[in-house]
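Could you build all of it, start to finish, from the sequences and the hints given here?
Here the protein sequences come in this chain order: W and Y.
Note that my numbering numbers the first sequence so that position 128 is 124, with each residue one more than the last.
Note that my numbering numbers the second sequence so that position 184 is 206, with each residue one more than the last.
Hint data in this document are derived by calculation from the structure and do not stem from the laboratory.
Just so it is clear, the structure is predicted and the values come from calculations on it, not from any experiment.
Don't take every hint at face value.
[As the list claims (entries may be wrong)] 27 Å max Cα-Cα, derived DSSO-like pairs, lysine-lysine:
#: 1; chain 1: W; residue 1: LYS133; chain 2: Y; residue 2: LYS82
#: 2; chain 1: W; residue 1: LYS133; chain 2: Y; residue 2: LYS78
#: 3; chain 1: W; residue 1: LYS229; chain 2: W; residue 2: LYS198
#: 4; chain 1: W; residue 1: LYS152; chain 2: Y; residue 2: LYS82
#: 5; chain 1: W; residue 1: LYS134; chain 2: Y; residue 2: LYS82
#: 6; chain 1: W; residue 1: LYS134; chain 2: Y; residue 2: LYS78
#: 7; chain 1: Y; residue 1: LYS253; chain 2: W; residue 2: LYS159
#: 8; chain 1: Y; residue 1: LYS82; chain 2: W; residue 2: LYS159
[What the hints assert, rightly or not] Residues from chain Y that face chain W, not an exhaustive set, calculated with beta carbons under 10 Å:
#: 9; residue: TRP63
#: 10; residue: LYS111
#: 11; residue: THR220
#: 12; residue: TYR228
#: 13; residue: PRO231
No residue lacks a Cβ here, since even glycine has one placed at the ideal position from N, Cα and C.
So you can see what is in the structure, the chains are spelled out below.
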Amino acid sequence: MNSAQPAISADSLSKLYRLNHGGAGAKTFRDLLTGIAQAPFKRFRQLSGSDESMEDFWALQDVSFDVMPGEVVGIVGRNGAGKSTLLKILSRIVEPTRGRAIMRGRVASLLEVGTGFHPELTGRENVYLNGSILGMKKLEIDARFDEIVAFAEIEKFLDTPVKRYSSGMYVRLAFAVAAHLQPEILIVDEVLAVGDAEFQKKCLGKMRDVSSGEGRTVLFVSHNMAAVTALCKRALLFERGRLVADGPASTVVEQYLRPASEQVTGVYDLRNSPARVEGSTTIIVGARVLDQSGEPISAAVPLQRIRVEVDLDPPTPMRTPMVDLAFNNSRGERIFAVGSYFSPTPLEKTSGPTTVAVTFTMPPLYPGQYDFHIAIMPFSTRYIDHVTPAGTLEVLHDDYLHTSYPYFPEMGSILVASEWETLPVQATVENARRSSERGSVEI
Amino acid sequence: MSTESTSIPVQPSSLPAATSLRELVIEPRPGWIAINWHELWEARELLYFLVLRDVKVRYKQTVLGVAWAVLQPVFTMLVFTIIFGQFAKIPSDGLPYSIFVFAGLLPWTFFSSNISQASMSLMNQQSLLTKIYLPRLFIPASAVGSGLVDLFVSFVVFGALMLYYGVPVGVGALALPFLVALTAAASLGVGLILAAVTVTYRDFRYVVPFLIQSWMYLSPVIYPVSMVPDKWQPLLALNPMAGIIDAFRSALFGLPWNVTTLCVSSASALVLLGYGLFYFRKTERVFADVA
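In structure tokens form, the structure reads like this:
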């Protein structure tokens, strides 16, 4: 039944982003105005080679693949590997910088559940609004309205504004609309991860119906490897904007989960490191990131015990060396530091090659690449040796919070486990009274 | 694996034939991008739902609901009548000042609220830019659509006022749909430009209210066109709202028509619409990158 023509053919798709590190490339109107005023001077600065505020970043590079009609293809890769960029290009949200893609059939993309939902509108009104935003005709929505409502299990609240819905109801309704789209090509990004387990199962079932029963082509991005292997026969693996593997889902998922590419091993020779800060005296000559059994690792999960050994070779004896180990996220922001100055016992005097070690618990960081830097100072505030970055540690996605909710960068760098509860009415009234009293005292 | 072989459709109608599949090519498009009228027509129901949403939300969110649409123009009229009519004694072509200024406020409020809503429309609905593809022209356009509803309510209030003052409506009122369409065109043009600029330069939104306020004083809302010296008249007509507001009064009160001014203003409104569409299409491709 697979006709010769692929449903999706991507031909060397590439997407370039220009990252802004400074004033240039106006993002605000104010910058634009000052930019115009400074333009004559800027040219001079560019000639003198001091303008380095822009950086090119290929979010996607030369990606080519074909998907035949009826295929369900999983797309896997770490955060920032280019998965979302690919989906956005295929959904026509962003334009590729180079290359082209041909889509044969009606395309629907679900990069978010409930796009365009308005909290003030009722469930019924939002079904029509959202359906129409997703590209359904009014007649199609009319025809499937009852089915959508039944799937979402919200019959009783159909005429209630969705702002009064629980998050579960909201997601169910939003997904129900999307699940009843009937495109030939469906592009789905991580949306299955929301909702409770029961509903997820139902959605997975619906997705399976969609693909095998009705011959639909599906592109499916997920961090949930179990879902990828269950749903997809084939998978594509992305790394740093490139397509690095394309094959049977189980093989590709295995490759994705295999830790460490060759360069990142957890063992670093830093004697001649190009990352050494200028003006440093070479003291830090090596480092190893180890797990509890002493094996070098390049990736860790939240709350894992980690040991970092640093080899020092000071040219002159050091009385109480202070070693600093700090982690930055991929945006270059400092996330945390463990310094020997925090340790209850200071490091001992060193007069020759020495190894110092630090053991700590990996904080529950947002999954992704973290660079670490190592520095040493001899009892003063100035570093005498500083290697930045000395190496990379990847924090893996692990359902640390034990929630099926997906993680978003907007949630911040640290995932904090928490418990929420609704207080009984009596306590609410009491608290309101107390805070209003306190407020009036302060005024 | 067995599902694949069993899924061959028994009834061929359930799977569209390969020839009927629409083919979509995605590639970088340099230069200016023509408006895809076919796509807009196909998705026309979306515009309807977006307008419906704006109207419903506006009347649901305010405590006063529809009363707000009535009270707002009435209050503005009262304030302007007291300040500009009573204190400043601005002439009003021999009409009661309140009714004179209301006739000007009808198209002006329609125009100004359209451009302020449209200019914020993309900023406020970024998920429609970054999470889905749809004809983005509809997002600012829906602001204009919902403005029509407010305009209609204002017209009802105005009708009551005309009755109260016993001012007869001239046959010229038949030209009103044309004038409203012209106002919509001008406001859509300006709204598209401002929406595109605001989504690119975030702080531009602070400029918009100032722009609207200045524009009002450059339009004959609180004063008659006849007050403007003759040598400035052609320049004034370049402001589309000058000719439109003037024509609104001619149409409603049976005053003589200032045909040249209206023609120049109409041309200028259409140029604005054309440029707005052009500029919007030109910048549209990067909306999702900058939003």
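Against the structure, the hints come out as follows:
no. : hint                : in the structure
1   : W:LYS133 x Y:LYS82  : 26 Å, holds
2   : W:LYS133 x Y:LYS78  : 20 Å, holds
3   : W:LYS229 x W:LYS198 : 20 Å, holds
4   : W:LYS152 x Y:LYS82  : 21 Å, holds
5   : W:LYS134 x Y:LYS82  : 23 Å, holds
6   : W:LYS134 x Y:LYS78  : 18 Å, holds
7   : Y:LYS253 x W:LYS159 : 57 Å, violated
8   : Y:LYS82 x W:LYS159  : 13 Å, holds
9   : TRP63               : 12 Å, violated
10  : LYS111              : 39 Å, violated
11  : THR220              : 9 Å, holds
12  : TYR228              : 8 Å, holds
13  : PRO231              : 14 Å, violated
Of the numbered hints stated above, those contradicted by the structure are hints 7, 9, 10 and 13, listed in ascending order.
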